[in-house]
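Student: These are the residues of each chain, in order.
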Amino acid sequence: MIVYLVRRLGQSLVAIAAMAVLVFVGVYAIGNPVDILINPESTQAQIAATMQRLGLDRPLWEQFGIFVWNALHGDLGISFVYGRPAMQIILERLPATMELALVALVLSVSIGIPLGVLAGLKPNSIGGRSIMAGSILGFSLPNFWQGMLLILIFAVLLGWLPAGGRGETVEVLGIRVSFLTLDGLKHLILPAMNLALFKMSLVIRLARANTREVCLQDYVKYARAKGLSSRRIVLVHILKNILIPVVTIIGLELGSMVAFAIVTETVFAWPGMGKLLIDSINLLDRPVIVAYLMLTVLIIVTINLVVDVIYSLLDPRVRLSEVDA
Amino acid sequence: MSDEAAMGLSEKAEPPVKQPAEAKRAPALESPAMRIAREFCEDRLAVLGLVLFLAIAAIAILAPWITPQNPYDLAQLDIMDGGLPPGSESFATGGTYWLGTDEQGRDMLSAIAYGLRISLLVATVSLAFAIAIGVAAGTTAAYLGGKVDTLIMRVVDLQLSFPSILIALILLALFGRGIDKVIIALIIVQWAYYARTVRSSAIVETRKDYIDAARCLALSHRRIMFRHLLPNCVPPLIVVGTVQIAQAIALEATLSFLGVGVPITEPSLGLLIANGYDYLLSGRYWVSIFPGIALVATIIAINLVGDRLRDVLNPRLQT
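Chains as they are written, first to last, in the working numbering: chain A, 1 to 325; chain B, 1001 to 1319.
Keep in mind that the hints were calculated from the coordinates and are not lab data. A portion of the hints provided could be inaccurate.
Pairwise CB distance ranges, derived in the manner of DEER restraints [unchecked claim]:
| hint | chain 1 | residue 1 | chain 2 | residue 2 | range |
| --- | --- | --- | --- | --- | --- |
| 1 | B | 1151 | A | 47 | 37 to 45 Å |
| 2 | B | 1176 | A | 16 | 20 to 28 Å |
| 3 | A | 157 | B | 1064 | 48 to 56 Å |
| 4 | B | 1150 | A | 72 | 26 to 34 Å |
| 5 | B | 1045 | A | 68 | 52 to 60 Å |
Reference excerpt, derived from the structure (chain B facing chain A, CB under 10 Å, subset only) [to be verified]:
| hint | residue |
| --- | --- |
| 6 | 1045 |
| 7 | 1048 |
| 8 | 1163 |
| 9 | 1250 |
| 10 | 1257 |
| 11 | 1258 |
| 12 | 1283 |
| 13 | 1285 |
Glycine included, C-beta positions come from ideal geometry on N, C-alpha and C.
Okay, chain B solo, but in the shape it has when bound (with noise of 0.2 Å):
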């Protein structure tokens, strides 16, 4: 298989298991989950993007009740506060514009705060729809081998030759800006990397004794896929969500700053920052880099989890 050695990376994910090792680390009725979390909150750097990571994420769910003003309701704007610096005080209202205002005197803190809203959903959205089909296809692949195996990976071989950004951009210059299209794009984009990922741990699984065990007990193949192979094929999974919702995340910006994503009512952060673009040249520097700082904290903080997670999960590491 050339296309697979030559992802190389991926293949990394396969770990042989050295279940003695970490026996003999774990103190004595530790279950997994427990070695995992206290491992994983032995690097401050990962706890740092966990904490940071939640706060982001309650931000956006709590914005409209927590922000200043609803941006998207031109009742609440005051062209008078256009293009404030950060810190002015409102003329219309008296209160402060901690991170200024947009042309149209949009407060930037209550646009970031909604335009989190909108990132998070379109990332977590198509992240859920990716995993379960990119779940359901690569164990059905390596369960069932054969003829379904090699069209399923023939399938995720050719997709994940052409770079993500350009299928994306082929299908949303088909389909038209939106938010469901976005996420539609976006779920065909990333599904590949799960196929692949849970197709090659459920191979090594397939191959251990449990599975010959409860194919013994006549279990029907639906039950041993999804309560026998499945769970023994989430941490690798795990990995490669974490990820990709950072990719997800850093690809919607993307293709809104290039004008091909969200609509320009529901602005995400990188609609935020394209139209920011525009004013950064003539010093209103605040409108595109305030957005662009919390676009890249969330995807730092993601990042950070995920490369701990990485590491916790991946037993060849563990010496």
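One chain only, chain A, in its complex shape (with noise of 0.2 Å):
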């Protein structure tokens, strides 16, 4: 277990490191960093002190080296815009994020599961037809004009969601959340819902094959062999061996919903770090972008490695034969 687990972090610092070489070379390499990392109306004694600064006037791989120096200790630049630290900037903007991602994730998952599992038992019926047809339309649908869609049908024609923004909020534990209040959670359903139906398509078609798959075994049919009652085969025999794909996908799929958040919350106007960056990107504040490319990076290695560890005490094989390997 011990191999396996120093692989698979020393596999997560090899990601890391590769995506801030990129970033870095991106940034710094490409085109004029200085044109890049100093704000253009700055003076030339400003241009020239934040030069000093930043170490532009040295070698590049010692600029890497100050570059990763200064990342590690969470300075990625001060913001053009706001005039502060990028990184607080984002951070400030994660727990919005966050709570957006979650609850979509938990929708996606209370929703995919049974509906899936319900289309994979009874594949030719006519609800287990349409159940795939709606995922095939969950999965065509582009995620930014569902979202218009949404707004207009349900903000525009009937009036009862707020088109954008996140409401009320309270504070727990210093976090600002939303699905406290009323009005939070009103503002909350339609960005949530929207992030979370391509998600949905997705385990339902995987829970529906897997559970395809799961039904042709033995153990199933000496289950019902043994005269169990349907129920139980279904909640025990056949949820419980579906499951370690499925959670495996939707570990996988966290991450990514942080990413497309960066849609959902541009079409919402969901104060959150994926809106800031398309603002950042429209107003060229590059210390921002930097600063959300590498925690974003960070948190989606993060949630990669923490999915496989648990996947391998879920899956003794996986771990052994990397073992072995």
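Starting from two chains that each stand alone, build the complex the way the hints lay out.
Tutor: Below, the structure written as structure tokens:
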């Protein structure tokens, strides 16, 4: 287990290092870093001072060292627009994005798994077929357009829910959340649903495919032969065995939800870090872009690591084969 | 290989081959292509998808000749016709705007046809390059094995562990806007899927006797790779290709919607939708809803075809 853990940790560090190199090369080496990192409106003296502070007058490998050193200390530059450390601005926006992603994840799992199992048990029934047709629709609707439709229907035409923003928030353990107030909840439903629909389709298809395969296994036939109730067969024998692949995918998808939140946040004006990224790209606020990328990479790599470790705990074959290799 | 196992989904693309079962089902002397075509047609929805896609592709290709106006020739636009709802008559020419106009008096029907052209162009060009690169990398990895294999697959694993939209956004934030830049970003995002698919099926194929036989004949590596190995890796590639082209169209639309994709002078469907977004809340729904419907119809058509192809080409599902 320890061999596996160390090996997996090493892979994660390599992934982070590789992305750091990419971001560094992209921002510092392609094009003139002075244009990218220093506010175009600053004076000659300011430029010289910042260049010295960032070490831009030194050779490239030394600059990379400074970039990594600063990044490790959480210093990824000062935002041009806000005039504050970029990392600080991103971290302020992090809770809103995480709240959105987690609520969406819960929605997609709690609705997706039952529907998927249902469709897997009766693949040729009308219910099973319409669930699959729905999931094709969920896959096919581009996220941003689907969000616009939701706004058009529920905010403009019906007027039930607000079209954007985060609404009223309350502070829990120093983090501001919206799902605990009625107003916040109203603001949360549409964006969370929008973010959840795509993953829900994925969960449905995965649960359906796995249910179909598990149903053909001998132990399910045996359980039937023993005369167990179909309720028990589904809840215990089938559900347990489809959970491993589903849990893995869900874990991995949490990372992509944080990334895909960019789209949902832009459509619904949700004040998370994804919207901040798009605003920063449009305003050419590079330190914030770099800070966002490094933080998101860190989040995704960490999630992947945690999922893999959990997975190896659930399924001993994984860690054993890895040690052999 | 924990990453491989973790990705679960693509792992399913490795079919254990069941030739005898297939042979029993098919009538005598039916070629594989004919069998696939026959089984494909058994699903009416898939045929509908194929017909729809062909129609959309025809509209996109023929756009300059069949649309009522060239939406980007300013001489043909009349500001008097701005913001008309669907079905209105033009004040200038007396023609009918079946899908309405935007605020500059641009016929939405024509704008959508031109938008489709750009969306499909970006998707197909990036698809072609991504497949070429992915197939070359995947076959090389599977055939040579060892360190080359490890190196290529590590890069693939690394890339696939990040969401495609994130990678595309990073690239476009660095490159700036432009059709060529979107295409490059899509190629970089997509090649890894093909590399992984081709490698996994090529590894299965490499262990088979006919490859050994080819090696015994002392054929060149190149010949074995491209003439013997590759043709047998095509079915899973087609399935992944249809999924990916739909993804590419959606991703390009998303990037353009976010304002980092194609330039304003050459709007794809995504950019048309983004332009109309400002008018959505004020009730001029047609400026962004109709391009959206065109986009969704394209993606659904491709997904329907892809779904059926997956079933037809996967021997595991043939009972």
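Student: Among all the numbered hints in the text so far, which are the ones the structure does not match?
Tutor: 3 and 7
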